[in-house]
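Asks: Chain A is already provided as a structure; the job is to place chain B on it using the hints.
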Amino acid sequence: MKNGRVWKFGNDVDTDVIIPGRFLADWNKEPEKLGQYCFCSIDPQFSTKVQPGDIIVAGENFGCGSSRQAAPVAIKYAGIEYVIAVSFARIFYRNAINIGLPVLECPALVEEVKKGDRLAVELDKGEIKNLDTGKVYHFEPLNVMVQEILYSGGLVPYVRNRLNS
Amino acid sequence: MGMTLVEKVLAQAANLPQVKPGQFITAKVDKIIGHDISLAAFRELERMGATRVFDPDRIAITWDHFVPSPTVGAANQNRELAGYINRYKIKNFFEVGRGGICHALFPEKGLIWPGDVVVGSDSHTCTYGALGAVAMGMGSTDVAAAMALGEVWLKVPETIRVHFAGERGPWTTGKDLILYTLGQIGTKGALYKALEFAGEAVYGLNMDERFTICNMAVEGGSKTAVIAPDDTTREYLVGRVPPGAQLRFYSSDLDAVYVADYIFDCSKIEPQVACPPSPANVHPAAGLTGVKIDQAVLGSCTNGRLSDLRVAARILEGRKIKPGVRMIVVPGTQEIYLTAMREGLLETFVRAGALVSPPTCGPCFGGHMGLLGDSEVAISSTNRNFTGRMGAVNSQVYLASPATVAASAITGYICDPREVMSA
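Top to bottom, those sequences are chains A and B. Just so we're aligned: the first sequence equals residues 1 to 165 in our numbering. Just so we're aligned: the second sequence equals residues 1 to 423 in our numbering.
Some hints could be false.
[Unchecked claim] Here are the simulated distance ranges between beta carbons:
#	chain 1	residue 1	chain 2	residue 2	range
1	A	E112	B	V350	34 to 44 angstroms
2	B	D374	A	K8	39 to 49 angstroms
3	A	N164	B	M341	51 to 61 angstroms
[Unchecked claim] Covered stretches of chain B (in silico footprint by chain A; criterion: 3 or more residues with CB under 8 angstroms from a CB of chain A, positions within the stretch not fixed):
#	stretch
4	68-76
5	385-391
[Said to hold, decoys possible] Here are some of the chain A residues that sit facing chain B, going by a computed Cβ distance under 7 angstroms:
#	residue
6	N95
7	M145
8	Q147
9	L155
10	V156
Calculated directly from the structure, the hints in this document are not laboratory data. Ideal Cβ positions, reconstructed from N, Cα and C, are used throughout, including at glycine.
So that you can see chain A by itself, here it is in the shape it has in the complex (with noise of 0.2 angstroms):
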């Protein structure tokens, strides 16, 4: 069972502000250089203060506007382990999946959680123990199809797995 700090965000979070589009010039060539600049243009040392398996808990919507994968992709490099939100875009929310970023919907926690609380996470049981108050809650089990691209690894070892078989 892993463990992380919490860092808050509110609605509408968009891909500009997580990682901004002068940055996806050939990205993927090293994606893990995208972390530093997450979230620069509002906190440039987010990615400083982020320890590895810290948790970002937002609003609605998060992850609103472009298909960029280079956005959950920056997020888990910068080292954030889960993102818990009321909800999320949904080109977002496949691409955080599909590069095995854990996205979980969980309004609930969103609205009592504060910055700096310790989360523990449990994928499987879908259960959120807040350690700092001790409570805990319930989000809706990701369905099959998630499931196996997340256990997979990713949707590339998925298909790989695929294309093989």
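Replies: Just chain B, lined up with the frame of chain A:
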């Protein structure tokens, strides 16, 4: 129970007699589109171990974002992409100077057909819904998987119907209708859902304006957006799609179920502007008079088509852009560029004091070709006005129709086009 247009297209793609919202399906993909940033998808395809794509004729790629290459990195990206195009034998590939912006180009070339399921590694892929296709933006890995397998997993979305009733005013364009819609439903109004635009006012629009409407549907969170094909659609397809192409014209059943039904009276919709930092922060242009601008941008996959240039040229004809204001005009494709040249539109822009750029996505996504400096303000016919979208983090972008952009370039502040055209 009846089905909506989107449900019908997805049912046939999944080879099922009926699909229902919420159902997970595996849909056959008819077309896959991409651009220079889709290089990422080809790298993923390679990582998947795919030695071939499902059908090289059904994939279309153009260079549009970092065009012409503003950096050495972008130039190298294009070279590497060209290698993949060659290796996977992609037939419909458009080099710099021979194509244009993907969502203007692919319909123009007759590559998208009614009834198609289209997947593209660009969020504005939903543009093609104007042809009655179900088109969805996805990320690089999803697109790579679709290129390898020829199919994609989907959750059937609920459909929201937006009905435009009444008669439009002469300066209320397709862009104003979609901005108004976004103002009403918000950025989350269509999250995970499909939008279907209908009503006499929609059917009175030309194809260019219909593309604009479906293009920006994604700013309301929607998965896809459609307009049922009619005679205007059929006329547009003539001479573009190959003879004998199997076109599938679907429309929603009368007893189809919609999750929500909006009816908007077009006669009450004035020219609209989306204020920063959200495409849904929409107000009438007339109410914003006094907001001074530094730059005006006409172009993009939203509004860089021929009729957009014509409207703007009509306003700029014989007039001058306000000193201190830069105007950048970006025709969407080489074909549009050429026609605009023949019609004298480019001359009108140049004489008015505008800079005419080659087809590119550059300024719209803040990549290159006219970024905004600190605290600068732009009015733009593009699709997003998020914080820092077109340049400096503290710059501001207002989104509007080509008419409103052109009129504002003349006055130097945001204004309703009627202010200029009645003067």
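Asks: Each of the hints needs a verdict: does it hold here or not?
Replies: Now for the hints, and whether the structure bears them out:
no.	hint	verdict
1	A/E112 to B/V350: 34 to 44 angstroms	violated, 59 angstroms
2	B/D374 to A/K8: 39 to 49 angstroms	violated, 28 angstroms
3	A/N164 to B/M341: 51 to 61 angstroms	holds, 52 angstroms
4	68-76	holds (count 4)
5	385-391	holds (count 4)
6	N95	holds, 4 angstroms
7	M145	holds, 5 angstroms
8	Q147	violated, 12 angstroms
9	L155	holds, 5 angstroms
10	V156	holds, 5 angstroms
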